[in-house]
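**Q** Here the protein sequences line up with chains A and B, keeping their order. Going by UniProt numbering, the first sequence runs without a break in its numbering and finishes at 344. Going by UniProt numbering, the second sequence runs without a break in its numbering and finishes at 344.
Since the hints were derived computationally from the structure, they do not count as laboratory data. One thing to keep in mind: the hints can contain errors.
A pair counts as met if it fits within one copy or between any two copies, since identical chains are not told apart.
[To be verified] DSS-like cross-link-like pairs, simulated, lysine-lysine; straight-line CA separation at most 30 Å:
1) 190 / 306
2) 190 / 296
3) 306 / 28
4) 121 / 306
There are 2 protein chains.
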Amino acid sequence: MKKKPVVAILGATGAVGQEFIRLIEERKFPYSALKLLASARSVGKKMAVNGVEYAVEEATAASFAGVDIGLFAGGSISKVLAPEAVQRGCVVIDNSSAFRMDPQVPLVVPEVNAADIALHKGIIANPNCSTIIMLMALKPIYDLSPITKIVVSTYQAVSGAGKEAIEELREEVSAYMRGEPMMPKILPTKSLPVHYPIAFNLIPHIDVFLDNAYSKEEMKMVHETHKILHDHTIAVSPTTVRVPVFRSHAEAIYAETATALNVEDIRNAIQQFPGVQVQDDLEHMQYPMPLYTSEKYDCYVGRIRKDLFNPKAVNLWVSGDQIRKGAALNALQIAEYMLAHNML
Amino acid sequence: MKKKPVVAILGATGAVGQEFIRLIEERKFPYSALKLLASARSVGKKMAVNGVEYAVEEATAASFAGVDIGLFAGGSISKVLAPEAVQRGCVVIDNSSAFRMDPQVPLVVPEVNAADIALHKGIIANPNCSTIIMLMALKPIYDLSPITKIVVSTYQAVSGAGKEAIEELREEVSAYMRGEPMMPKILPTKSLPVHYPIAFNLIPHIDVFLDNAYSKEEMKMVHETHKILHDHTIAVSPTTVRVPVFRSHAEAIYAETATALNVEDIRNAIQQFPGVQVQDDLEHMQYPMPLYTSEKYDCYVGRIRKDLFNPKAVNLWVSGDQIRKGAALNALQIAEYMLAHNML
Numbered sequence: 001m002k003k004k005p006v007v008a009i010l011g012a013t014g015a016v017g018q019e020f021i022r023l024i025e026e027r028k029f030p031y032s033a034l035k036l037l038a039s040a041r042s043v044g045k046k047m048a049v050n051g052v053e054y055a056v057e058e059a060t061a062a063s064f065a066g067v068d069i070g071l072f073a074g075g076s077i078s079k080v081l082a083p084e085a086v087q088r089g090c091v092v093i094d095n096s097s098a099f100r101m102d103p104q105v106p107l108v109v110p111e112v113n114a115a116d117i118a119l120h121k122g123i124i125a126n127p128n129c130s131t132i133i134m135l136m137a138l139k140p141i142y143d144l145s146p147i148t149k150i151v152v153s154t155y156q157a158v159s160g161a162g163k164e165a166i167e168e169l170r171e172e173v174s175a176y177m178r179g180e181p182m183m184p185k186i187l188p189t190k191s192l193p194v195h196y197p198i199a200f201n202l203i204p205h206i207d208v209f210l211d212n213a214y215s216k217e218e219m220k221m222v223h224e225t226h227k228i229l230h231d232h233t234i235a236v237s238p239t240t241v242r243v244p245v246f247r248s249h250a251e252a253i254y255a256e257t258a259t260a261l262n263v264e265d266i267r268n269a270i271q272q273f274p275g276v277q278v279q280d281d282l283e284h285m286q287y288p289m290p291l292y293t294s295e296k297y298d299c300y301v302g303r304i305r306k307d308l309f310n311p312k313a314v315n316l317w318v319s320g321d322q323i324r325k326g327a328a329l330n331a332l333q334i335a336e337y338m339l340a341h342n343m344l
Numbered sequence: 001m002k003k004k005p006v007v008a009i010l011g012a013t014g015a016v017g018q019e020f021i022r023l024i025e026e027r028k029f030p031y032s033a034l035k036l037l038a039s040a041r042s043v044g045k046k047m048a049v050n051g052v053e054y055a056v057e058e059a060t061a062a063s064f065a066g067v068d069i070g071l072f073a074g075g076s077i078s079k080v081l082a083p084e085a086v087q088r089g090c091v092v093i094d095n096s097s098a099f100r101m102d103p104q105v106p107l108v109v110p111e112v113n114a115a116d117i118a119l120h121k122g123i124i125a126n127p128n129c130s131t132i133i134m135l136m137a138l139k140p141i142y143d144l145s146p147i148t149k150i151v152v153s154t155y156q157a158v159s160g161a162g163k164e165a166i167e168e169l170r171e172e173v174s175a176y177m178r179g180e181p182m183m184p185k186i187l188p189t190k191s192l193p194v195h196y197p198i199a200f201n202l203i204p205h206i207d208v209f210l211d212n213a214y215s216k217e218e219m220k221m222v223h224e225t226h227k228i229l230h231d232h233t234i235a236v237s238p239t240t241v242r243v244p245v246f247r248s249h250a251e252a253i254y255a256e257t258a259t260a261l262n263v264e265d266i267r268n269a270i271q272q273f274p275g276v277q278v279q280d281d282l283e284h285m286q287y288p289m290p291l292y293t294s295e296k297y298d299c300y301v302g303r304i305r306k307d308l309f310n311p312k313a314v315n316l317w318v319s320g321d322q323i324r325k326g327a328a329l330n331a332l333q334i335a336e337y338m339l340a341h342n343m344l
C-alpha cells in the first residue's frame, strides 16, 4: 500500500478505543481518513484525534466500505461485524476473544510470532492481556530452551473489565473513605448476577467459570499460549485474580525449561528482547510495580531467580500496562508491522 | 496448673498486641492477673481488658517474675526478653522470627503439629503468617498423600507490616482521592531507605532480600514449612507480594502430591480439618476473598481444582486473617492447648 490507509476504530469511546486514539497520536500512525465507530448510544459524541474533531458514527456493516484497517477494541459486536468488514476488503485486528482460537485466524504478539500475521485471511486476533504480558517475559526464555511447564498467578488491574470497572474502583474507595457502603455493580463480571467490591479486596474470578472449574480467563492463558508459541505440550497452571490496581497487570511466574539455564543468560535474553525491560536490582529495590509500569509501552520483568529445588526452573515477576501492551498497543503494533511490510 | 495463669502481653499496643486483647476477651481466655508490656514510649498508656483498665508497663527482664505465659507480639525485643522470661519460669509464645528455626524451639500451628508443643524448653515459636495460612490449606491434603512440591504466590495484606502500614494505606488512598501525592514512609519495609506507595499498587518485596535473590519472607515459607511438617523434601517455590488489602492474606497455591488424589477427597479432607472452611461454589460465585475473611478465626479455601496437565497436582486459593490466624489467634491457640493439656 503506497497511500496512507483508511482506519476505523470500533468501540472508540471505551477504555481500549480511547487508548487506540492516544497511541495513533503518540506513535504518529499514518492514516488518510479515520472513522470512529461505536454503538448507537454514543453516536454524535465528538472526539479529537491529532487536533481534528470527529463525530462518533454508529458501527454497522456498511461502515467498513472503503476501510483498510479496522481496529476493533473488543466486545461481542466483533463477532458480527468482523466478517462483514472483511467482506468489504477491510483487515480487522480484533481485541475480542471471538476469533482467537479460530484456526483460520492468526493470534499475534508481534515480538513473539509476527510471522503468523502473513497467514491471515482478513482477521488477526489480539491475545488476551494476561497471555500477552506473560509471553513477553517468557518468549526470550523459550528461545534459550523450550518451556515445558508454567505455573502463573495473576494480579490483574480493573482496566481489564473496562472503563466502568476503573470508575467502580474509584467510587468504592471514595465511599469507603467516607465511611459509606461500597455498591459494586460491575466486578467481577458485569453480566453475572452477583457483584463484589474490589477496593481493599481480591477477586479470584475473571470472566466466567467453565465446567472444568477454571475460569475462561485462565483457559485463555492455556490455549492462547499454545497457539502463539506453536507448542501444545506446555503444561500451563493458571490462577487469575483481580486486584485493586487501575491499569497494569502483574504476574508471578514459575517456568520449567527443557534444559537448565543460568540466570545471567535468562536476564540477557530478556533484556535483548524487544518490548521488555529487565528491572531487577534488589540492592537498589528495583523491581516491577504496576503503579510505575502504567502508561508505558514496555513490559517489565524482575525478581528473576533460579528455583530453589529444580535446576531447570526459574521464578520471575512481570508487570505491564493492560490497556497498552495488553490490548491497544499490541493491536496497533500488528497494524504497524503490516504497514512496514507492505501487507495492506 | 490448677489456678488460672498469670499472663503478660509483650507489645500490647501494636496490631498483634491489641488483637491478643480482643481474642482474650472473645475467647474467655482465663487469667488470674494480666500485665500489658511495651517499650518505654507507651508506658502509662491505659488499655481496657474485660472492662478492667490496665496501665501499660515498660517491658524489662524483671517484668516476667511470676508470669506463667508470655504472649510476645513480635519484633526484635523478643530476642532479648524471651530468654529472660524463660529464666524466670515463664513460658513464651513468640510471634517474632527470632527463634523459629532454633532446633530447641517448637514451631507450631496447633491444627497441624500440636504434638510438638510438648517438646518446648520455655519458648514456643509462632510461624510466619503466610506459612500458617498456606499450611492450614495444605495439611489436610498432606494427610491424604505427602506433598512433594508447592508453587505459591502470595497476596499479602498491609497488616503484616504493622499498625503503621495499615495507617499508611489509608493515608495514601485518601491523598490519591484528593489528588495529592502519596507519601510512603513504611512499606515495603520500614528500616529500608526507599519506600513505595501500596495504594493501587503491588510490591513484590516483603521483609528484606537475601543473597539467593529470594526475600526473607519467601525463605520463611520454605524453611518453616519443612520444620512444621517434619518433611525437608518438599520443593517450595514462593513469590511473596504486598497488595492494597488491610488485614487478610490470600495465596494461589499449586501443590503436587506423591499419589494422584481426586478433588472430592481433597475437598472433604479440607472441610473436616479444624480451623478451615471450604468456600468453593462457582455456580453461586462463592470463593474466598480477603474483604470477607477478615476478622474471622478460620481460613477459607476455594477454587479447588485438579491441575490440567499433571494428575498428581491440584490448584487452590486460600485466604485468612493475617492478624488473627496469621499471628495472635494462632499464638493464643497454643496457650489454650497448653492449658487444656495441663502443660503449664
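**Q** Does each hint fit the structure? Answer for all of them.
**A** Hints and how they fare:
For a Cα distance limit of 30 Å, the shortest separation of residue 190 from residue 306 across copies, 28 Å, qualifies, whereas the shortest one inside one copy, 40 Å, does not. In this homomeric assembly, residue 190 and residue 296 come within 30 Å of each other (Cα to Cα) both inside a single copy, at 28 Å, and across copies, at 29 Å. In this assembly of identical chains, residue 306 and residue 28 lie within 30 Å of each other by CA distance neither inside one copy nor across copies; the values are 41 Å within and 48 Å between. Neither within a single protomer nor between protomers do residue 121 and residue 306 lie at most 30 Å apart by alpha-carbon distance, with minima of 42 Å and 37 Å respectively.
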